[in-house]
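2 protein chains.
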Amino acid sequence: MKVHFLHKPDIKNLVNFIKEHIYDSVIILLSRCSVIYDGRAKSTLNEGDRIIMIKPDGSLLIHKNKKREPVNWQPSGSSISYKIENKQFIIRSIRKKPREVLEIIVYEVYHACAFKCEDYEELNLTGSEGDMVDMIFKNPKLIEEGFKPLSKEYQIPTGIIDILGKDENNNWVILELKRRRADLQSVSQLKRYVEYFKSKYGEKRVRGILVAPSLTTGALNLLKSENLEFKKLTPPKKDQTLSKKLNKKHNTINKIAILDEWL
Amino acid sequence: MKVHFLHKPDIKNLVNFIKEHIYDSVIILLSRCSVIYDGRAKSTLNEGDRIIMIKPDGSLLIHKNKKREPVNWQPSGSSISYKIENKQFIIRSIRKKPREVLEIIVYEVYHACAFKCEDYEELNLTGSEGDMVDMIFKNPKLIEEGFKPLSKEYQIPTGIIDILGKDENNNWVILELKRRRADLQSVSQLKRYVEYFKSKYGEKRVRGILVAPSLTTGALNLLKSENLEFKKLTPPKKDQTLSKKLNKKHNTINKIAILDEWL
DNA sequence: GCCTAGGTCCCGTCC
DNA sequence: GGACGGGGCCTAGGC
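From first to last, the protein sequence lines are chains A and B. Taking full-length UniProt numbering, I'd label the letters of the first sequence as residues 1 to 263. Taking full-length UniProt numbering, I'd label the letters of the second sequence as residues 1 to 263.
If you're looking for bench data, these hints aren't it; they were derived computationally from the structure. Because the structure is a prediction, the values reported are computed rather than measured. Do not take every clue at face value.
Same chains, same names: a pair is fine if it fits in one copy or spans any two.
Stated by the list, open to error - Result set (PhoX-like, lysine-lysine): computed pairs, CA atoms no more than 20 angstroms apart in a straight line:
| # | residue 1 | residue 2 |
| --- | --- | --- |
| 1 | Lys66 | Lys2 |
| 2 | Lys224 | Lys198 |
| 3 | Lys200 | Lys141 |
| 4 | Lys237 | Lys97 |
| 5 | Lys198 | Lys238 |
| 6 | Lys19 | Lys66 |
| 7 | Lys166 | Lys66 |
| 8 | Lys87 | Lys237 |
| 9 | Lys116 | Lys166 |
| 10 | Lys138 | Lys96 |
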């Protein structure tokens, strides 16, 4: 069975339910709870309705009714325990390194589900910085005529250079790539790499180019004053399609046809 | 009613269910689906079991059975629509700025819940950078004897200085605060501010201090070579307790007492 | 384990 | 709306 659920469970059934499904299914509790966290920081959250999600890998999310971000959480690798204390149901998640403890005081569970979430597919994403790197190596003159990329992720003491190359006059060229609008931080990053290279090879023989679809105003000003360069380039999106071994069997959804329009 | 749910719904009931609860409740679908996203980047995700969460503020999350992060998402402010197309149930979320479209092809819904998630409490968090700022303003000699903080979040063309002050010799002192171990980026940030101030007030009259609980090795090396300083300081955690207007009424959970030990 | 940097980062805040 | 930087950032990839 893919899904088990309890509606308005009492504590005994809830405990058994969690015991049975934890580390095997994703458990979701629609609950009224409060939360205490202590670790890298420390927080409290008073009583309210929230969604608790516990995944088999130990990650834990507590969601409010707004925002993409969980209000409290624990990353994967954390370990779950739970008990009754002073007549309250408490879920505790502990992360070892760094030491972080999250406690959920659960006052009421309106609904609980456990989902044996079988997923063998990974996200296929394009338009990231890596795609820019590939594009530049395949077609270096996107940067400029005569540019020769030499290595990617080139490590120096002050960081990791996205692309290191040479121009047609044999100057070192350091590229810092950004998939989105570059900001002050991006310029500082490029400058850090360029300064190390200049200290090694001399002022005149090192250039730094920020490669991005656009620049913030502050970044542009700083770039100019530091004699760094900008090359406008947008990360490429490769063509993608969903594999079409799909929609074959037991699509319980396809039972009734409705108007083919957005609701 | 706090929670409505459907178990193994057919499409007609599912559509009505969503129509009824969207923008009012958090909707959770335990489903088999695939996902297409196109916006700042572009992605596909082939068929598999996932948890879909749609919040009243328009945020949308698609979770796999692992990790804290959703595999696909849309932030709050996005708008939801849905339809049947080629006998498939499709949920579409559109974000206006930047333009981003997310489409979920839903093959099967094992379980659906709608949760009228009432929450009037906000997270109360301590141990953040702001707490360090407060601490330093209250007790400036935590930085050094004679330090006088003058302003916080002081804006200059190359960014925003956490704390600007003067030392006992009337030198400008620029503090860059980090609540956690400071890295290369932190040093570059501080350097960027210091260089602007030096260009304005002269080399000898500006100091830069990185204030953090610790430093990465690379950051330490860079800091030294740039003649910047480090002051070890850990963000303070204020005392906090949950407000105790709690555990009064209708705690359906407290029906059976179990052993008071962690399970 | 530490270090480094990317991210569809999200998010708040201030201009 | 752009800009800037924090975050309990998370996560991946090297070493």
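Quiz item: Which numbered hints turn out to be false for this structure?
Solution: 3, 5, 7, 8, 9 and 10
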